[in-house]
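Engineer: Sequence:
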Amino acid sequence: MTFHLFLTKKLRFIFIVAFIIIFIILNICSFYQDVNSFNKEVNLPFPNNTGIMKIDVGQGEDFWILTENYKLYHWNAIKRKFIRKAKDYEPIYDFSVGSDGTVIISDYYHDINIRSYIDSWNIIYGHYDNRNISICDLNKIFTTNNYMLFVGGYYKDIYFWDELDRNDYYQISCAFHDKSLWFIGYGHYIYLYVNKYRKFL
Numbered sequence: 003m004t005f006h007l008f009l010t011k012k013l014r015f016i017f018i019v020a021f022i023i024i025f026i027i028l029n030i031c032s033f034y035q036d037v038n039s040f041n042k043e044v045n046l047p048f049p050n051n052t053g054i055m056k057i058d059v060g061q062g063e064d065f066w067i068l069t070e071n072y073k074l075y076h077w078n079a080i081k082r083k084f085i086r087k088a089k090d091y092e093p094i095y096d097f098s099v100g101s102d103g104t105v106i107i108s109d110y111y112h113d114i115n116i117r118s119y120i121d122s123w124n125i126i127y128g129h130y131d132n133r134n135i136s137i138c139d140l141n142k143i144f145t146t147n148n149y150m151l152f153v154g155g156y157y158k159d160i161y162f163w164d165e166l167d168r169n170d171y172y173q174i175s176c177a178f179h180d181k182s183l184w185f186i187g188y189g190h191y192i193y194l195y196v197n198k199y200r201k202f203l
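Converting from the sequence shown to my numbering requires adding 2 to each position, the first position being numbered 1.
Keep in mind that the hints were calculated from the coordinates and are not lab data. Treat the hints loosely; a few may be bogus.
Unchecked claim - With a straight-line Cα cutoff of 27 Å, these simulated DSSO-like cross-link-like pairs (lysine-lysine) come out:
1) K11 / K56
2) K181 / K142
3) K87 / K56
4) K73 / K142
5) K56 / K181
6) K89 / K142
7) K73 / K87
Claimed, not checked - So the derived label-pair ranges between C-beta atoms look like this:
8) Y72 / L28: 48 to 54 Å
9) E70 / I24: 51 to 57 Å
10) I26 / Y72: 30 to 36 Å
11) S118 / E63: 30 to 36 Å
12) S122 / Y191: 37 to 43 Å
Every residue, glycine too, gets a C-beta built ideally from N, C-alpha and C.
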């Protein structure tokens with residue numbers, strides 16, 4: 003009886019020690035795998051085309067690209083590939099993704115369209131010479147045309163557009179964290195827009 007009790011205790015001890023050793027080894031392997039995963043390069047399967055002209059990123063894996071032949075693609079995280087979007091509006095001259103995931107495009111007429119559903123777009127500003135667009139979120143959109151800067155505000159399902167300034171605007175970008183407007187302007191300097199009288203470098 004004592005031998006059987008001794009053998010049971012010994013086997014239990016061996017089992018516990020083996021379990022602890024296996025647990026430690028698995029944790030070390032898991033840690034080593036996580037450390038090495040930072041060094042691994044991830045290659046996304048970009049579409050076969052002439053090149054990428056612009057990228058923009060929303061939340062998570064909300065990744066969009068505009069190619070040099072004016073086609074818009076969206077990264078599908080489930081299919082793990084880029085899907086072409088807004089085909090009926092091509093060529094797409096510009097696009098922007100807001101902090102809330104709202105997407106806008108400048109289409110072949112240079113009208114500004116907003117994505118209302120997965121593959122549905124609605125025009126929100128029709129103007130033949132929109133050159134550059136940037137969106138903070140659904141409620142604040144910036145656009146430029148021939149030497150004019152406009153801001154669009156969303157109120158009761160309608161966008162209202164106000165002219166902010168007249169100047170050279172080559173590129174505009176809305177900062178998500180404070181909704182400030184940055185732009186490349188006269189002399190190709192970088193400016194922060196405060197109002198039409200004050201712009202800081």
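Engineer: For each hint, tell me whether it holds in the structure or not.
Structural biologist: These are the hints, each one checked on the structure:
A threshold of 27 Å between alpha carbons decides the hint, and for K11 with K56 the separation of about 68 Å lies outside it, so the pair is violated. Proposed proximity of K181 and K142 is supported: the alpha carbons are some 8 Å apart, at most 27 Å. Distance hint between K87 and K56 is fulfilled; the C-alpha atoms sit about 15 Å from each other, no more than 27 Å. The suggested pairing of K73 with K142 holds, with an alpha-carbon distance near 25 Å, which does not exceed 27 Å.
Taking the CA atoms of K56 and K181, the gap is near 21 Å; set against the 27 Å cutoff, the hint holds. For the given pair, K89 sits about 25 Å from K142 by alpha-carbon distance, which is consistent with the 27 Å threshold. At roughly 8 Å between alpha-carbon atoms, K73 and K87 fall within 27 Å of each other, so this suggested pair holds. Distance hint check: the CB atoms of Y72 and L28 are about 51 Å apart, consistent with the given range 48 to 54 Å.
For E70 and I24, the hinted distance range of 51 to 57 Å is satisfied, since their beta carbons lie about 54 Å from each other. Between I26 and Y72, the C-beta spacing of about 56 Å breaks the proposed range 30 to 36 Å. Look at S118 against E63: about 21 Å separates their beta carbons, and that is not inside 30 to 36 Å. The beta-carbon spacing between S122 and Y191, approximately 39 Å, falls within the hinted interval of 37 to 43 Å.
Hints 1, 10 and 11 from the list above are not met by this structure, while the remaining hints are.
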